[in-house]
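K.L.:
Could you slot chain B onto chain A? The hints should help.
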Amino acid sequence: MKLTSEEKKMAEGKYGNAVKKSMEILIALGEIYGAEKLVDVTSVQIAGVSYDNLGDAGLDYLDELAKDGKVRVLTTLNPAGMDLENYKALGIPEDFAVKQKKVIEAFAKMGVVTTCTCTPYLVGNDPHFNEHIAWSESSAVAYANSVLGARTNREGGPSALASALTGKTPLYGMQLDEAREAKVKVKVKCKLDGTHEFGALGKAIGEKVKAKPTLIVGIKEATVDELKSFSASIATYGGAAIFHMKGITPGKTKTPKEEIVITREDIDKAIKEMNMDGEIDFISVGCPHASLAEIAKLAELLKGKKVKKEFWITTARPTKRIADQVGYSKIIEDAGAKFAADTCCVVAPIKGRFKCLATDSAKGCYYAYSKNQSKIKIMPVKKLVEEACK
Amino acid sequence: MDLVVMEMKGRTIKSGKAEGEALVSAQGISFFGGVDNKGTVTEKGHPLEGQSISGKILVFPQGKGSTVGSYALYRMKKEGTAPKAIINSECETIVAVGAIIAEIPCVDKIDISKIKTGQKVKVDAEKGIVEVQ
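Protein sequences, first through last, are from chains A and B. According to the numbering used here, the residues represented by the first sequence are 33 to 422, in order. According to the numbering used here, the residues represented by the second sequence are 79 to 211, in order.
So that you can see chain A by itself, here it is in the shape it has in the complex (with noise of 0.2 Å):
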């Protein structure tokens, strides 16, 4: 791989352990993945926040490169294991607390914006058509790549802090033209309402192509809710980096020659898979975070009722704080519901705590099930609000 001579010097410790490091990192995965140089990056996002995952073992990596490393561009934090504020309301342990607390100094330190949300895009980190950027957490990449028209490849945790701290990441798959043209056409015969929906269809289309890049038509219109649950299904279910929604997304791609239908029959098996036998004890929604439009709905809904069911909304912070301005919040938290701002239920340490989930995510049915064993029910949010309060 072609380095400049600034690169070099970051490579051989000019700039520090931290920079050494990540710069050694990136060049070792340059290598193994054929990239001929590095390219500057403007936006980084960090996946592995939760101490749930992390462990000490990644607290000590963190802890070590906290001592001389700084971001040099705009870098924001994939969810926490808990609400930084409001742990103990949602039953939290403290040693679970405190160990989180310290994951998030860490990153503070180095100057990262401790904002914790898989939606980045929704609260200032927001990179146009075409800009580099090296991004973790799968749904906010696909979204990313396809919705945005930004560049990246799917980085994990690690990766992303080295390109953080360099502003670099290796040129190579989804940095350029050619692996993020479609490979199959998907022709969608049926007319989609909801997160719950476009959810049911990111696991239909994942399930069939796995994570090769697709050019989806006949869907006429998808609003940011929509593409955000679609974008977080297609990637889990599938592993897709990127996809092409004709007269949706911005992305140039040639059609492709293999081509797949997606009919009404295919979201009603998703759904039907989503929706297992068991009494409903936990109810959530904002799976990828809840959106302020999102937020808007629910106050609507919940406004002079009141809940008998755990009911969670995981949002992010900055989210949360427009809602507590505008009124929202109250609405919502007075009629029994809870925010559980910066985590969500992906990586809080819930297992075991419920036994049967109702949501409108996909992503979510998918990690309740596998990661917590949780049975699982999939439905539009309006019918979450009526199970709610039943």
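In short, the hints are calculated from the structure, not lab data. Treat each hint with caution, since some may be false.
As the list claims (entries may be wrong) - DSS-like, lysine-lysine: derived pairs with alpha carbons at most 30 Å apart:
1. Lys41/A / Lys95/B
2. Lys162/B / Lys46/A
3. Lys187/B / Lys244/A
4. Lys205/B / Lys52/A
5. Lys142/B / Lys155/B
6. Lys95/B / Lys40/A
7. Lys156/B / Lys41/A
8. Lys187/B / Lys215/A
9. Lys415/A / Lys240/A
10. Lys242/A / Lys187/B
11. Lys383/A / Lys116/B
P.N.:
This is chain B only, laid out in the frame that chain A set:
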């Protein structure tokens, strides 16, 4: 019996030198959830289940699972339970990053079918050379 030494040349992932006994797995290894802090393989049904990778020259096709696995290698190194060196057929992000941050010598692009568990192996990762005795 004469000592036959087989030399193979691969690619440097993380430089360094080590020698020790080979522990070979035909299956990939997940260091997050598949191996505990003490270096024991815990993944159900894995060919190395119950065996310790500590102090071994660990030979396997490639890493798998969560990228958090890189940190687990770092942790093992700190606790003195890490393998002495890693040999892969095709290294991927998780193991590469793990070897680099934990400073474990690592070489890939090696025909791992030629190495058997228990053989004495010398790794010169700087040169990408693996010697099997």
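K.L.:
Determine for every hint whether it applies to the structure shown.
P.N.:
Now the hints, each set against the structure:
1. Lys41/A / Lys95/B: Holds. Lysine 41/A to lysine 95/B sits at ~25 Å (cutoff 30 Å).
2. Lys162/B / Lys46/A: Judged against 30 Å, a Cα distance of about 29 Å means the pair holds.
3. Lys187/B / Lys244/A: Holds. Lysine 187/B to lysine 244/A sits at ~26 Å (cutoff 30 Å).
4. Lys205/B / Lys52/A: Holds: lysine 205/B and lysine 52/A sit about 21 Å apart, inside 30 Å.
5. Lys142/B / Lys155/B: holds (19 Å)
6. Lys95/B / Lys40/A: Holds, at about 24 Å.
7. Lys156/B / Lys41/A: holds (28 Å)
8. Lys187/B / Lys215/A: holds (28 Å)
9. Lys415/A / Lys240/A: holds (29 Å)
10. Lys242/A / Lys187/B: holds (26 Å)
11. Lys383/A / Lys116/B: holds (24 Å)
Checked against the numbered hints given earlier, the structure satisfies every one of them.
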